[in-house]
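**Student:** Reassemble the complex: the two chains are provided individually, in unrelated frames, and hints are given to aid placement.
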Amino acid sequence: MFSNILIYFVVIPLVMMLGLALCRNIKQIRAVAVTGSVALTALSVWLLVDYLALRAAGATEPMLWVDSWQWFAPLNINLAVGVDGISIAMLILTGIILITGSFASWEIPQPKEFFLWLILLSTGVYGFFISIDLFTMFMFYEVALIPMYLLIGVWGSGNKNYSAMKLTLMLMGGSAFLMLGLIGIYYHSAADGNLTWNILEIAQNDAISHGWQKFLFPMTFVGFGVLGAMFPFHTWSPDGHASAPTAVSMLHAGVLMKLGGYGCFRVAIFLMPHAANELAWIFLILTGISVVYGAFSACVQNDLKYINAYSSVSHCGLVLFAILMLNTTAMTGAIMQMLSHGLMTALFFALIGMIYGRTHTRDIREMGGMMQILPYLSVCYVIAGMASLGLPGLSGFVAEMTIFVGSFEHTDLFHRVFVIVACSSIVTTAVYILRVVGKLLYGPVYDEHHLTLTDAKWWERVATAGLIVCVAGIGLFPNFFADLIKFTFSPEIFTVIGLN
Amino acid sequence: MDITIPILILAIPLFMFLLLGLGGVKMSHKLAGTLGSLGMGTVLVLSYYTAFTYYFSGNPEFIDGTTRLQYVVFNQTWLQFTPNLAIKLGFLLDPISALMLIVIPTISFMVHIYSLGYMEGEKGFQRYYAFLSLFSFSMLGLVVATNIFQMYIFWELVGASSFLLIGFFYTLPSAISACKKAFIVTRFADLGFLIGILILSFYTQQLDFLPMTQNPQGVLASFGGATFMGASVLTWALVLIFTGGMGKSAMLPLHIWLPDAMEGPTPVSALIHAATMVVAGVYLVARLFPLYMLEDAALMFITVVGAATAFYAAMVACAQIDIKRILAFSTISQIAFMMVSLGVAAKDNVAIHEGLGYMASMFHLFTHAMFKALLFLGAGALIHAVHSNNYTAMGGLRKYMPITHITFLIGCLAIAGIPPFAGFFSKDEILAACFHNNWFWGAWMMMVAAMTAFYMFRMYFLVFWWNNPDYAKEHHGHLPHDPGIAMSFPLIFLAIVSTVCGFIPFGKFVTFDGHEYIIHLDWAVAGSSIGIALISIFFAMWLYAKENDKPRRMADSCRWLWTAAHRRFYWDEIYLFITRRIIFDGICKPIAWFDRHVIDGTMDGFAYVTNKASVAIKGFQSGKVQMYIWWYLIGAVVLGLIVAVCVL
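Protein chains in written order, with my numbering: chain A, 1 to 500; chain B, 1001 to 1648.
If you are wondering where the hints come from, they were derived from the structure by calculation, not from laboratory data. Incorrect hints may appear among the rest.
Said to hold, decoys possible - If you want the footprint, here are the derived chain B segments under chain A, 3+ residues with CB under 8 Å:
| no. | stretch |
| --- | --- |
| 1 | 1091 to 1104 |
| 2 | 1166 to 1173 |
| 3 | 1184 to 1198 |
| 4 | 1587 to 1596 |
Claimed, not checked - Residues from chain A that face chain B, not an exhaustive set, calculated with beta carbons under 8 Å:
| no. | residue |
| --- | --- |
| 5 | 59 |
| 6 | 235 |
| 7 | 302 |
| 8 | 391 |
| 9 | 406 |
| 10 | 421 |
| 11 | 423 |
| 12 | 444 |
| 13 | 482 |
To be verified - Dumping the calculated BS3-like pairs for lysine-lysine here, alpha-carbon to alpha-carbon at most 27 Å:
| no. | chain 1 | residue 1 | chain 2 | residue 2 |
| --- | --- | --- | --- | --- |
| 14 | B | 1123 | A | 439 |
| 15 | A | 439 | A | 457 |
| 16 | A | 457 | B | 1624 |
| 17 | B | 1026 | B | 1088 |
| 18 | B | 1347 | A | 160 |
| 19 | A | 457 | B | 1508 |
| 20 | B | 1589 | A | 160 |
| 21 | A | 112 | A | 457 |
| 22 | A | 486 | B | 1088 |
| 23 | A | 439 | B | 1589 |
| 24 | B | 1030 | B | 1123 |
| 25 | A | 112 | A | 160 |
| 26 | B | 1508 | B | 1347 |
Positions of the beta carbon are idealized from the N, C-alpha and C atoms, including for glycine.
Only chain B is shown next, with the shape it has when bound in the complex (with noise of 0.2 Å):
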């Protein structure tokens, strides 16, 4: 395959970055945003045109047979450290990655768009969308990293570019924490990713993917069945890995930035922090997954901590106020439910289920991006007409805002699982998996995915019923009223995209070996998962759908659960302990203490007691000729009496 075009994918938007950024403050607010969304526009067509060279054009160097391959279309060393490892930057075509050149800019220029609307008129809207062209750069180079190591540069790279985004009103003390909080957190992760390559690495003594996936029992040969504290080496490099994966996704218990990470602009946060960056930590265990695949203790931590955190973020989801917080712990929940997906795809070093899991956690990926990416647009649209993130100020607006209302309600029934919206199909084939491996899991998803289908039309019913529609118009002086074109023509194409795209065949496209899977429904799982959801809609219909105090009576029969729930069950209170009171004042302040005083106190002694002594000795330097004749005479006295004592 000719290089230009996957080499113009990661160009362009790093070009527009570079242009923006320096040369954004001479341009127009039109001029900049105009240029931005081109230049995404341009990586849209290329990046469609060779995922679909990819997927359909049937090239030998693509597809053999109906098995799909992997194809490198470049890799350059960039870094060498030793004769073996060296950082390569380079491109990578395989079935998930080019799923991911679909996606990322699809849902980018989407955001591209909605944003000439939404961020009309603010200060620093270059510099917005410079900081927009560097997240796509960074984004589209991990999804096509060849090199761990180049996976792990761009990794970081999406880490700043969110950093930069969160904190766009650099003003608000809300978002400058926030900002902090999401770079430390996933730096923090970051750490166990990068201790993760090293042990990979230097077992392996190989740093490309292809390699190590294509063998991995040569992997699993290299360690040599090396242990430490109890679990195999290759185990701990996995995890470890994989809590990079936790950093970036926000599983239990790294999630705490993500919830205030909706502190940046809302097209931010369907960009990065919903239908991409998010989704990194699923797509780094997809790519390792034939690792993964040899140790089930690797793949049983990925499904326990997933479960725990489906079911933890659903809960929160439940007591929110905010909107966008709704909407982050959904965003937690539902890649949690990709994340189990991974973890049940394989147990006893065979893909149950033809890799059923891989496939299913792939397509709830680009589904999820899709519809959810759609919601948080809307929520824009939303915040925008009311000017307030929390659904008190909101109730009544489905009179008003007729195309986010029904944009938001196809969200909803996509995210909740109810055929023909695309939740459903890759919901459906998740929950299959899950029963494939154990009951268990299966039943714990179910109930999980009851609950999203509970939390969101509770949002839905509160935003858009609830109040009488008069409400708005009392409560906001003006009519709430739908946005303009630029940013309702991403929520209709968004809105479309999520009520088809579950009839893709995806099996015939993206799966574990590269053979093409069939997706057949299996209907007791899909039956019963459809039932259960209906069920959590009509209850929440039942409780929000008019204004009453049920809700109320209902969350004073718990009191203490809804207020834990709605403080996120204090997480966020025990980082701050950890942080503050135990990092900051037991460590760092002692230490610096410890430095003034006690090293540099030492210091200061050597140099005190110096002075003291010279002090106290310069009196002998007297210049006084009788206390040097008298010394001298003492010290002949002295010298002779030791000589006579020698002597004798």
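Just chain A, with the same shape it has in the complex (with noise of 0.2 Å):
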């Protein structure tokens, strides 16, 4: 079992959790969740590394080091694990999210016990990514999912009881759809009578009717556009960030609202082909007005989170839209934003709370001339802002405009009209983006009180400038990103691509 690499992405957290528990002052703590998520990115950079060797050397299985352990026999249900391109990125991305959040928790209270939450929260994270078992991905998202109520609700800020609270149950009653629609594809899994819950042995036996997908196929993408912030269950999100603390909203909106849009496409649109193809249009409407709605209402809010979680409601349903155009072009591209969305946005969440816990205050009303007293923070902020409206360089351009063309392969009025609306956003990301800007960053100073401020610590610049590096590197060298994700769509493994 150990034999596989695989295995250590969920290893390592166990063991981190372990070695969280026997520290005794808040060094070795960091000490701990510095070393275990640096261990977690260079083990998944390595992964790539290896991955792109594989795939030069002519590896074409759809996934590597594909493994299944046997867990509960009766059921068939295993401990199947197996990446590609796309899981590794997650992995990647997970991993990086991980170690800026560590620095950006630097001085939390009780850390012992927050750590321990947000590594077990990690491992669900890292645990989904790589299992092509519906069971067990599904275990995991649970497994990420809980600690997020303790999280918010013992260190968040605000209202943080209520929001702990809804963002869970909403996220819930998410769960409760998709487990129905797990169940349902199990159920007809094999024509042949042998059940099974791995992924690639489903999708080879295609053996669900047409009838099944078109049930199946909107439980399981609603189930996980809901943790995607689709329209209309993303209401969670606005108060959830709200309350949460800096590292939690970072691996919230950077890594777990990713889960959402990788199960869409790893669940409900490769083992559910034909429905997907039919029943698109539906969700196309859905995302299509979250994209718009999002930053129509990020535009006329006064708090930063908030401004951000709209903000992400409009790049996340932009991921969701373009993984429904079902072909290649498209759906790379959401998986690029998908990154570029993880990155940028744990970034913003990094500078709000650096911010926040030096005025006290997220009302952009309420702050002013930050670029005076700030200026590394303001000038991390407009590089976010920047990377946010799509400016060339940074990361997401290259995601918005590989949709766009790929989205655009699309002939009928249809898609061209949805189209043309979701790229109408960039000129709204545009005005929410600056008119923080203008409030926050420029302008005179408007409180005496916050001219005492210092500006960032070295913890606070490592998890800043390690962000910004991301985002430029996926902006400056898109096609490496591009190319990587791509063999994942190949019509061969991808049916809904061929069907297209």
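**Tutor:** The following block contains the structure:
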């Protein structure tokens, strides 16, 4: 079992939790958190290098390092693992955000408990990304959700009990749909009675009848879509993010919301291609609304976290929107957008947390002229904003352009109209980003008390600079990531692309 | 051709941006300024070398007999979308990009030097030079683009550098709103550009310029006569792409950001908002001109927009007080000249008069860059001297600022079209091109040219004459004086260029099909345009040479018109109404309310109903045994009754 490299993505966090339990002071806790997350990131980078080497050597299987260990024989539940380029990209993203999140929560109160829950959450995330067994995937998904309740409820701010409860209940509601969908898939997974939870086997069997697909596709898509902040199931996002502590916001918007998008294409579209093809239009409307609606809502918010949460609704809406375009280019763009949004939104939440930690307010009407007081953080905020509004050279641009070009391959009027509507979000995004830049960073100093604030500490610089480097990295060398992702979407692997 | 130099042309400004941006805080002002200027000086030398090699070397890569060729120095895939479509980054040398390789570094270098004096001691001096380098990098990348997406990338980057530079004085509320406005208005225009690119690339399966522009019939064929809402899809694509140009080049109705952009430092206005970035729209149309030639409707659209803008901006320029605003509107009007010139250059798929309009447009782009940068830098010197942007604070300055006065006068003569200054030659070609197309456009643009001469000399006389020279002394307490060498050198240099560059045989270098075009002055047009310009100048002189109340009486005689022109015909108010009242209050706020109260209210409603329901039924779980028995009996009776009814 331990000869498979993938299992270490779950083992390392568990070891970290053990280590954290033994820690006696904050220095040890920081050391464990940083070492562990660096080890995880290093492991995923190594995985990437190895993956590219194997692909270059001619490995054509859809997934590599595939392995399966029996867990509960009567229901055919296995711990099955395997990764492709997309999972690896997500693993790296998780690692980066975990490192920067650890730095961003350098001075959190009750660090031991905080990091324990945070690492448990990331165990769930890692487990989800490496699993190819629907049951274990779902289990890890739940493992990732539950710690959120405590992290927000205990370390959060503002109306935290309400927010924590709302977030958990809404996501659990999504899970209910999902559970139903997954069990449905299981019972139709094979024509010959050898039922299986394994994604690759289910896809190969292609045994789910069209009629059942039409039921199971919406179930799973909505189930994952709730976590991907799809309209109208997005309202947990503004409240949840607003109350969550910095690192949790970072991890949640940066990685957890990606679980939704990842699940949508890995389960909903990959396993139910025919239904996806027929029913995509319904969800295209919903996600198209998300894109525009989130952007317009963000324009009038005054709380920095609300602005960013609505911006996430818009950007994550674009992820699901692009996945539903069901062609290679747009879906590649969707994955790039997931990476891009994960990094830049983590950067945003890190910066907001740092500013909030100093000013004790997130209301942009009560702040101003931060550029003079906190030049480093302000410049980082401008860069994050530029990434968000799609400035070339940063990650947002390449992802959005890939999505738009890919989406435009559909020739019918319906798709065209929705693509143009989605394109219009580039203007709205500019409006709400520049509104914040103008009010918060530029202008005269609003509150004299802010004049005594000090600029970023070294660990804050590490967290923000690390994220900026990654955002710029994707923006400057997009072809590397596009190639990494594209292989997964070849028509041989992804039936739905062949259908289109 | 060796690719080292082209790469260096782009790499040096980028490197300077990173160096000054990351390390600038630790540098002294002097070091940062020197580094920035040296970097730009190197770029100037390298790009002159490249452009001159292209024009003069006679290398068969660049010229075939007498036909100039388009040469791709390198073209590297940056992001592959589909097997056919990819963003490539490259370096294209052709007559117009080589022209821009002369214009951009020249103006940029002059502005770098000028800023050493103008921005001396300003807070954020290093940042300023970093942004200037970023802008130069982006603008150079834009003009050498081999791929329409490369152009779009750098198009966005110049927009961002423009945003950063307009907002350079970021504590001033007016600068903040100006930079936001500039970015958002041009972004809105870029949405059109993007959609245009998407349509064009979808049909042609092509993003590189050369395969499209060298085979326009192929492009036409790939559209297969598709139509949408009564116009061909190709026309839609071209008009949408032109929308992007309308935004950057401040054409009506997307012009509103440019006058406000004058909130930036004056050298920035000279570089970005007069000479280089704002002509990007013209450059874009010129770059895709073989495609525009295919669709008369698209060309007509360009002509109408250009002609309307030229007239509108000239009207407004006549009624402004702030000298930078006058120059801004004059810029809008002059760019519109270039647009019109492109619009009239072809009809029925045939270039009129060997594509005279195309050549004239590029010629005017070149000369305008020189004399408009000169005028802006001159305005900077004036503002530096009297600490105000308004001509009401000036007057009679000719005595104290002789260098500024002479150079400014040369700039005014050039833009008014008086020979032998540069503007005369290029504007004359534009007017001739208009007359070759249609007498109406010719007459219309001739009228705008007359207005140009009037408003420029109105400003000139109000600034340098009007008041008694002593006015300045009394008004400011100290004597205004000419700026130092760092600022006067660029003025003198550009004044010399503006004087002589009209004699360049431009048709030899830049024409629409690469064949040489022999410029011969059409004296009927030239003579009348000189005549009209002189009349306008004398009219301005009659009104403004000496302090009097004729201008006031004239304004009073049609006050409404003057007020309307002064308020820029209320375009800003219209936009404010649309953005604030309709989009912000009418869309954003209701959506946010809807989200919080309807969508979220429904979700909260579920929780509320669940909660209430559980409260309502929790009484059943009372723990009282008597109650349980009571319910048990009722249940048993009801069940028994049901069974009985069913059995019977």
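**Student:** With the threshold set at 27 Å, check whether the alpha-carbon distance from residue 1030 of chain B to residue 1123 of chain B stays at or below it.
**Tutor:** Holds: residue 1030 of chain B and residue 1123 of chain B sit about 13 Å apart, inside 27 Å.
**Student:** Does the closest beta carbon of chain B sit nearer than 8 Å to the beta carbon of residue 444 of chain A?
**Tutor:** 5 Å, holds
**Student:** How about the stretch 1166 to 1173 of chain B: do at least three of its residues have a C-beta closer than 8 Å to a C-beta of chain A?
**Tutor:** holds (count 4)
**Student:** Per the coverage rule (Cβ-Cβ under 8 Å, at least three residues), is the stretch 1091 to 1104 of chain B covered by chain A?
**Tutor:** The restraint on the stretch 1091 to 1104 of chain B is violated, since only 0 of its residues have a Cβ under 8 Å from chain A and three are required.
**Student:** Does the structure keep residue 1347 of chain B and residue 160 of chain A at a Cα separation of 27 Å or less?
**Tutor:** 68 Å, violated
**Student:** Was the hint right that residue 423 of chain A lines chain B, CB cutoff 8 Å?
**Tutor:** It holds, given that the least Cβ distance between residue 423 of chain A and chain B is near 6 Å, below 8 Å.
**Student:** Restraint: residue 235 of chain A near chain B, CB-CB cut 8 Å. Satisfied or not?
**Tutor:** 4 Å, holds
**Student:** Against the 27 Å threshold, does the CA-CA distance of residue 457 of chain A and residue 1624 of chain B hold or violate the hint?
**Tutor:** 63 Å, violated
**Student:** Does residue 302 of chain A meet its interface restraint, that is, does its C-beta lie within less than 8 Å of any C-beta in chain B?
**Tutor:** With a minimum Cβ separation of about 10 Å from chain B (threshold 8 Å), the hint on residue 302 of chain A is violated.
**Student:** Holds or violated: is there a CB of chain B closer than 8 Å to the CB of residue 59 of chain A?
**Tutor:** Nearest chain B Cβ about 21 Å off; hint violated.
**Student:** Check whether the Cα positions of residue 1123 of chain B and residue 439 of chain A lie no farther apart than 27 Å.
**Tutor:** 20 Å, holds
**Student:** Take a quick look at whether residue 439 of chain A and residue 457 of chain A sit within 27 Å of each other, Cα to Cα.
**Tutor:** 24 Å, holds
Of the numbered hints stated above, those contradicted by the structure are hints 1, 5, 7, 10, 16, 17, 18 and 19, listed in ascending order.
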